[in-house]
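Full structure from sequences and hints, please.
As numbered in the numbering used here, residues 7 to 118 make up the sequence shown, in order.
No lab work stands behind these hints: they were computed from the structure. Fair warning: there could be bad hints in the mix.
Claimed, not checked - In silico SDA-like cross-links for lysine to any residue, where the CA-CA straight-line distance does not exceed 20 Å:
#1 LYS31 x ALA12
#2 LYS31 x ARG19
#3 LYS31 x GLN44
#4 LYS31 x GLY20
#5 LYS31 x THR8
#6 LYS31 x LEU41
#7 LYS31 x THR42
#8 LYS31 x LEU17
#9 LYS31 x ILE16
#10 LYS31 x ARG57
#11 LYS31 x ILE10
#12 LYS31 x GLY43
#13 LYS31 x VAL21
#14 LYS31 x ARG15
#15 LYS31 x ALA50
#16 LYS31 x PRO14
#17 LYS31 x VAL9
#18 LYS31 x VAL7
#19 LYS31 x MET18
Claimed, not checked - Okay, the calculated beta carbon distance ranges per label pair:
#20 VAL38 x PRO79: 23 to 31 Å
#21 SER48 x ASN93: 36 to 44 Å
#22 VAL67 x ALA12: 16 to 24 Å
#23 ILE73 x ARG15: 18 to 26 Å
#24 VAL7 x PRO106: 38 to 46 Å
#25 GLU55 x ASP92: 18 to 26 Å
#26 THR42 x ASP69: 20 to 28 Å
#27 GLN65 x ILE29: 22 to 30 Å
Beta carbons are placed, not taken as given, at the ideal position from N, Cα and C, and that holds for glycine.
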Amino acid sequence: VTVIEAQPRILMRGVPAEIAEIIHKAHEAESVRVLTGQGIASIADDGAEVRITLADGQQVVADLAVIGIGAVPVAALAAEAGLAIDNGIAVDEHLRTADPDIFAAGDFCSFP
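Listed below in structure tokens is the structure:
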């Protein structure tokens, strides 16, 4: 199994860097190859195998490819409320936003 992630780390918006690193290492310990900061140049499927060419020319060959391109947060309402936006609503380690009376959680948050 190979995970190809365009962001510099896995779970970029979903969890703090420390937790992402633990999850990354746990996957690698189970022989999952995790490639971060990788763009995909092309995908070819000949019926027998899927060949993925990364932006740097590296190739990944697999029996099957599962593709998830993610979602882009719509930050208009949060920005109108005066909240800091940084790849999602910026929160601290307690999920507090730039407004001390507003907390945020979930996929739309961006952890330090």
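Status of each hint after checking the structure:
no. : hint                      : verdict
1   : LYS31 x ALA12             : 18 Å, holds
2   : LYS31 x ARG19             : 18 Å, holds
3   : LYS31 x GLN44             : 18 Å, holds
4   : LYS31 x GLY20             : 17 Å, holds
5   : LYS31 x THR8              : 13 Å, holds
6   : LYS31 x LEU41             : 12 Å, holds
7   : LYS31 x THR42             : 13 Å, holds
8   : LYS31 x LEU17             : 13 Å, holds
9   : LYS31 x ILE16             : 11 Å, holds
10  : LYS31 x ARG57             : 25 Å, violated
11  : LYS31 x ILE10             : 15 Å, holds
12  : LYS31 x GLY43             : 16 Å, holds
13  : LYS31 x VAL21             : 15 Å, holds
14  : LYS31 x ARG15             : 12 Å, holds
15  : LYS31 x ALA50             : 29 Å, violated
16  : LYS31 x PRO14             : 15 Å, holds
17  : LYS31 x VAL9              : 13 Å, holds
18  : LYS31 x VAL7              : 14 Å, holds
19  : LYS31 x MET18             : 15 Å, holds
20  : VAL38 x PRO79: 23 to 31 Å : 27 Å, holds
21  : SER48 x ASN93: 36 to 44 Å : 26 Å, violated
22  : VAL67 x ALA12: 16 to 24 Å : 20 Å, holds
23  : ILE73 x ARG15: 18 to 26 Å : 19 Å, holds
24  : VAL7 x PRO106: 38 to 46 Å : 42 Å, holds
25  : GLU55 x ASP92: 18 to 26 Å : 39 Å, violated
26  : THR42 x ASP69: 20 to 28 Å : 23 Å, holds
27  : GLN65 x ILE29: 22 to 30 Å : 26 Å, holds
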